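Asker: For reference, the chains in residue letters:
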Amino acid sequence: MLHQILFIIFGLICVAGAVNLLAQRHPINSALSLVVVMASLAMIYLLLGAEFVAAVQVIVYAGAIMVLFVFVIMLLNAGAEERTTGSIIALALGVPGVIALGALVGWTLISHNQQLGGVSVGPTNFGKTQNIAHLLFKDFLLPFEITSVLILIAIMGAVVLGRRES
Amino acid sequence: MNESILTLVTFLPTIGAVLLMFMPRNDRMLRAVALIVSLVTFGFSLYLPIQFQHGVNGFQFQTDKVWISLANIHYHMGADGISMWLVLLTTFLVPLGVLVSWKSIHDRVKEFFVLLLLLETAMIGVFLALDLFLFYVYWEATLIPMALLIGMYGHERRVYAAVKFFLYTMVASVFMLAAIIYLWAAATPHSFDYATLRQLIAQGNISTGALQWLFLGFFIAFAVKVPLFPLHTWLPDAHVEAPTAGSVLLAGVLLKMGTYGLLRFNVGMFPAQSQHNAAWINTLAIIGIIYGALVALVQPNLKKLIAYSSVSHLGFVVLGIFTFTQAGTDGAVYQMLNHGVSTGALFMLAGMLYERKHTYEFKEFGGLATPMPVYATFFLIAVLSSVGLPLMNGFVGEFLVLSGAFQYKALYGILGASGVIWGACYLLWMYQKVFYGEIHHDENKTLPDIDRREQISLWPVAVMALVMGIISPYWMKSIDPAVSGTISQASQARVAPAATNLSAGGQK
Amino acid sequence: MNPISIDQYVRILPELVLTAFGIAVMMIDPLLKPSASRRPLGYLSLLGTIAAMGATVVQMHALATDPSFGTPGWFGMVRVDNFAVFFHMLIPAISAICILASLEYLDTQKINTGEYYGLILFGTVGMTLMTSAVELVLIFIALEISSIATYILAGYRRRTASSTESAIKYFLLGSFATAFFLYGVALMYGATGSTDVLAIQRALAPGTPSLLAYVATALMIVGLGFKVASAPFHVWTPDVYEGAPAPVVALMSTGPKAAAFAVMLRVLFATTGTGWFALIWISAALSMTIGNFGALIQNNVKRMLAYSSIAHAGYILVAFAAQNDIGISAAIFYTASYAAMNVGAFAVVSHFASGGERYVSIDDYAGLGKRAPLLAFTLTIFLLSLIGIPATAGFLGKYYVFTAAISAHSNAMVWLTIIGVVNSAVASYYYLRLIVMMYMREQTVAEPPTPATPSMRLALVIAAIATIWLGVIPGRTLDRATQGAADLRPKTTAPSADLKAQQASQPATLVK
Amino acid sequence: MVPLSWYLILSTILFCMGVFGFLLKRNIITNFMSIELMLNAVNLSFVAFANYWHARAVQGVTPAGVEKALSGQVFVFFVMVVAAAEAAVGLAIIIAVFRTRETLNVDRVNLLKL
Amino acid sequence: MTDTLHLWVIPLLPLVGAAINGLFGRHFKNAVVSAVALLFTAASFAYALWAVLQALHMQLPYQGSVGTWITAGNFSAPFGFYLDQLSMIMVLVVTGVGFLIHIYSVGYMAHEGGYYRFFAYLNLFMFFMLTLVLANNYLLMFVGWEGVGLASYLLIGFYFLRDSAANAGKKAFIVNRIGDFAFLIGMFLLIQHFGTLNYTGIFDALKNADKFPIDQGWGWITITALCLLGGATGKSAQVPLYVWLPDAMEGPTPVSALIHAATMVTAGIYMIARSHSIFNLAPHALEIVAVVGCLTAIFAATMGLAQTDIKRVLAYSTVSQLGYMVMACGVAAYAAGIFHLMTHAFFKALLFLGAGSVIHAIGGEQDMRRMGGLRKKIPVTFWVMTVATFAIAGFPPLAGFFSKDEILGAAYTSPHGGHLLWAIGVITAGLTSFYMFRLWFMTFFGEYKPGAVDVGEEAHSPSAPAHPAHAAASHSHGHADDHAHGHGGVHESPWIMLAPLVLLAVLSFTGGWVGVPKFMGGHNEIATFLSPVLESPGNVGAERLQGAENGQLPAKEEEHAREEWILAGTSVAAAALGLFFAWFLYYKRPELPDRITSRMHGLYLTVLHKYYIDEAYGLIFVKPLLALSTFVFWKGVDQGIIDGMVNGAGTASKGIGNELRRMQSGNIRSYAAWVALGGAAVLAYMIWLGVGK
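Protein chains in written order, with this note's numbering: chain A, 4 to 169; chain B, 20 to 527; chain C, 34 to 545; chain D, 1080 to 1193; chain E, 5 to 697.
Hints were generated in silico from the structure; no laboratory data involved.
None of the values given here were measured: they were computed from a predicted structure.
Take the hints with a grain of salt, since some may be wrong.
Claimed, not checked - Each pair of labels, with its calculated beta carbon distance range:
id : chain 1 : residue 1 : chain 2 : residue 2 : range
1  : E       : T8        : B       : Y493      : 21 to 31 Å
2  : E       : N78       : B       : Y493      : 10 to 20 Å
3  : B       : M40       : A       : T87       : 39 to 49 Å
4  : C       : G388      : B       : K464      : 32 to 42 Å
5  : B       : A214      : E       : P536      : 23 to 33 Å
6  : B       : T378      : E       : T8        : 34 to 44 Å
7  : C       : G388      : A       : A26       : 18 to 28 Å
8  : A       : T87       : C       : H94       : 36 to 46 Å
All residues carry an ideal CB built from backbone N, CA and C; glycine is no exception.
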């Protein structure tokens, strides 16, 4: 019961943050709304018992990535967004499309409610860092290692694209 | 030798083309090498009729090697009485094409002859391929060199003509591809082999509805190539714009690929469907005969007139094929050869005139018999051959076709025979426009008559036009059995309607 | 305990080799003068790609000698089977030709940063890994490696508005699509409890899959469809290809696409039970039609080829839709043949574009046949192949695709084939336009073209030979593609394969 | 007990909000943030499913091992890594775009079209 | 079939001559050219004579084959030659008259350009004509049939610089082709029913009366016969295809003599006679043959009345005489037809050659109104022309009398004929006599008046509609100009021209004596000679034809003879009447014709313009056809509909492309919208699919 209440609270905060992200015209506000979303998601992860993920969520997402965003917003001195109407299609086709998409997925999930059952957070080792580490450094060793290449090219890309004009 | 002669004949020109590609840009040498290569090819191709076992039905000189084993694609080549002579026609016309291009092509000479020789390979291959995949490869391969020849060396509207030619044929032949693949998939084990597929269809393993579509798939590809009314409008444009050698080969050989295909594949493989569709096909053929002639009659342009005359003449061939009678189909095959010779000659002659006048418009000519008597004589021979004068080649084919058509259905024979009148009309009109009357343009008074090279290129066709008109049995002895083998199923399929037709045309 | 044997390393040998060379490139780059040409790095990375192909040969050998090699390695992460090996050979080869074509391009465009080659090499790592990965985690990461590398490469001419626009479009939409893919993966995980492709396959095989699996498949199709540029997820392609540097387009229209198709094959055939047939059918028909008709009116060569690549994706999807072994091998083969011709075509474009990519309009190609015969000739071969003229890779690929379609013995596939052949006929028009320009029109560009450098010539000749080779003697390649297809379809689906064979032996019953 | 579908529907809502953001926001950076929102939504699904499957594995319902059932969580980890890398590259690209066009309005980035 | 006679040599000899002259003649002197031409023609004549003499002792018909020409399946046509009484006459007439005309041409063409060409063509003609008459099957006959058409085309268009000549040649060929078309159909019918085109094959089969009864209706035999008639109509210039022959006079005069009078145009009669077995079985066809012949005869004769061009008069006369011959065939009097064919060959050749001599004498003038009084100036020509004129008019005992009388008699008595036919024949005879004597008087009597008539005068230019400026006074460039110089006044032709004239005059005089009918005490040798071939009434075929009711004819022989005398008298009277009117109008009162013509201007013009038949053909067939081809077919269907559709498909494709690429707005958000929408669609489908399961 407590779980449910907490879920509803943080869920609402999530959705509110997302709505605010959409509603705000200035990117910095949007960015901060996103941080809110992420933070409350971290709470939900905790509700699910995924401690490690919750921690990483806060550290990597809210901490690193969003800082980067804010930094770039500052760097480019981005102002409030213009009200241009470059895309009627996005409104006319995209929005109904997304609503349909969401409705369909949602309908599926609801209709599968019985099948899926509930989520219980009991005394399992579900979110234990140790278990995840086991998985990460054994079964998922190769992806983990390969991630280095990913990060390497990300760095290279940032360097190449962001380099000052010579 | 018997095994490899077809490969040799087919790919000698390719070897020559590769050779040319790596030669320095010395135009004289390039021409000479191209001529030698084409002549050597012709020489080797003569091996075929010499070694051919006449009077035997079936393919000879066969070679059958696995090409792409996975899809059971074979390099299967073979010649019967029909294809052998069409190959000969090709190898006979290409050296002439080289000769007539001697001076008229002076820019990008190397590319020209490379394309010409590649075209030769593809054309020969089309007639010899017995694997449908291989056939399609050759079939499409003719397209590019020809389109390039038109587009690169043609006249004012060459690009339009080249693109039109390409698209027309391309669009049509993809349907054939679909049909070929369908047949492949229907065969167990999958196969592209002509004989296998023919048998497959004969066994009745494919539903009638599917067969009808397959028939149409093949038919449309061939009908465009022939070209059968109303799919013919690419032809006048292509011809008018093409360089002389291009026109010669286009009319002489490429159109025959269409009729050859109709005979070999449509009639040969789909006898029942051929019967079933014969009525409208023959109607189109007859419309083509008359329509082509009538339109030719009012052309203000020499080459266009000849082009429309091809529409008319090829109508005879199609008519002959779809009568499924021995005489008609024999005549159609013979007419293919004849048309190659006579229309080839006409295009060569038109080209020579173009070299002198740089136009094909009739109003620029007139009275040329006076300054150019030798030329006029050759032209007359070509015209007469085309008109179908007895003792010239054209007559034999036309007569047999019409006789066959008459046996098939009297009305076809009668309507077709009216083409005889139209042919005379437009060809004589053309001859008169060019050669008779007074000279209205002063520069025409001093036009040089054809020189020795041009004469050398014209003599072979003139002689062939006569020889083929006089000793046709020489050809017929190999064509006859091949034709009877090809149409046997179709003519059997016709037994029932035949009786009614005969009585309709006969006693009443 | 050392669970990681040498065997395991052989399974990722090409990736290791490429990574090593990539690192070497990055290490040497700072040693060169900032303004100096990065040609040496290019040669080094070329060596790297060749070495990667060598590594693939080692894999082939291992595969041939050791039957257990084809089983998943790295704790079920990668599976180097014939299917993967095919792409392991193909993708480094594509990269090699792109590098060859880039050598000259970078000098012409005065780009002096070695990261270019590094990105290509690392990107290649991602692409090759995509083809052998059987775990969605690894697939996702490899996909991202290849994607991010190409995002960056697309914006490599960062001083040009079009190039950066290309990059941002590609990046934003790519990430957008990736999110869909990821959502699909998540739902699939939810439906099956695993992210292992083989496990998913096992989970879905018996009985009817849950509705969740259908939703998951749909979302994954969206993501993968975007990557292979199939309609209606193709919209980004023309803009991105037009703006990106030509050699990069050569790469990204072939390499990542081939890899994405590989992933698509693996993933979709793992979820066969969800019946995506009609979707692929529609997507194939749409792609072919939109691609070809859209290309008809383009005046920019790169954009035209972009539309054409949409169309070609459509042809490959036709093979998918056939849902049989021939279809898979046809799709595999088509990626190879398409790579050969398209890389070549873009290589020519990149040479002829000149400094600042000035000459990319079709009209600029007028008279090229006279000015640069070799360039024009090779481009003609590529274009003919793209049209699908026999004796070229394009024809055989197309033929094989249609064969697969018709072998499926369903009327829907026959119709798809007809749409396909008609489309390929329509397509011939715009390719022909370029040929016409080159050979049948007089020159309009005043500037004489710079002669192609030997490396460019080499690239073109290799691509041309590959194009002809695949068209004339495709036997070996086709065999490999077939083996790959066989490996992709595990024996669990054997009964249905037998059924197909049975049906094939009685065509009469099917076509009636 | 919170029904699993609650988490999933929240995930769906967030995902759709992300998509809306991408479709409707004019600022490129905000667009990019919308994508991050979508990724977060996906992550939520992953974690929820991971929990679900882990519970099933503990019950011994699935053949996959108890440990392997956690792969959803690992996936989230990798998604975050990728998101970070994407952010680095994406923002670099945004900077490059800004340099060439002096705007961050996505509607004005339409040089290439038709 | 051993070919001991080697008949193929007969046609081949002129061909060799033609080949030699054609290929190398350009480099020869005129003398060499003529020597070659004459040599080979003479050799051919001599060989033919030898062969005929040999064959008379052999079993006829004699056949020889030198090989197969066309073969397809069971059908085959050989290069086979055939000699029987009929072809004997034909071959001798052709080679004999041909040879004479060759000789004449040497003189006549002496100053012409293209001398070698002329003789090459002439020899070529001989080759084809001989092939025609010697062939042993219809197909080979068709070779000659078309071949002579070709030669005719070439020779008519000999003065090709003149548009009228070129047009005339073309017209001849094309109109002949129309006939050939019918002939072809006839052959197809024969193939269909007999499987062969060999004479023996067909005629032997036809002897089987059970299998081939007389076709009283309109069965295939009648159709076949009519098709063959169609062929003959073209070649022998019958109604309605006669129009080419008058125009054919554009050719050099010897050509008119040889081809358009003596030999080629009679091919149709030969063919009908050859095919009499078929015609005999088709009474309806025979009736039509008779009607066609009769109509042609009277029609052409009336048109001949008003012509002022000397050659045109002769041309219409030829058409008219050919009508007689066809009429003869139509009443199953084939032998009479052939007889008239032979005598006509003599006197009409003579007339043309004589006319040529006249034209030659006065420098190329062909308009009779500018002649006159030439009797004294060119006496030899005058005398031979006199013989010919009397012969054609049918005065006894000249050749024309006997043959014409034979035909008229047959027309009167034959069951197919009737009195109407006979009456028209007699009227025609009178008309013939009138216009021939008109020619005779205008040319040789009165005063010589060169330049008497304005050339441009509309009413006096009765030429083909296509080229009104010519023909009335066909001043040819090649011909007239060459003659104009060096001929100060009127002069007699050289002996090389006169010698053949004289010979022909003798033949025209005596040629009829081989056919003196029985009632005149003769033996009608020619009919007897031909009787084994031609089953004329009284023979087997006729019995079958007539049945029993006519069986009593021989019994009333005496009455019959009296009747025949009356008939002969009538026709002579008609001729005399013609002579009288001609004398009165053109000798006695030469101003009267003008008055009459101006009184009956419309009628006169109609006759002068040949009833406007050419114009009608032009208006009804040619012009609409050309317009149809140009505007409906070429510009309409070809360029409009078909190309319009093709180009339209192209434009439409581009239009579709244009619409499709509007998807590509360049806006990222729109692109995302497409992706989202597509995603929704995919999702919807998949869920539908999933729910459905």
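Asker: Of all the hints given earlier, name the ones this structure violates by number, lowest first.
Answerer: Of the numbered hints given earlier, those the structure breaks are 3, 4, 5, 6, 7 and 8, listed in rising order.
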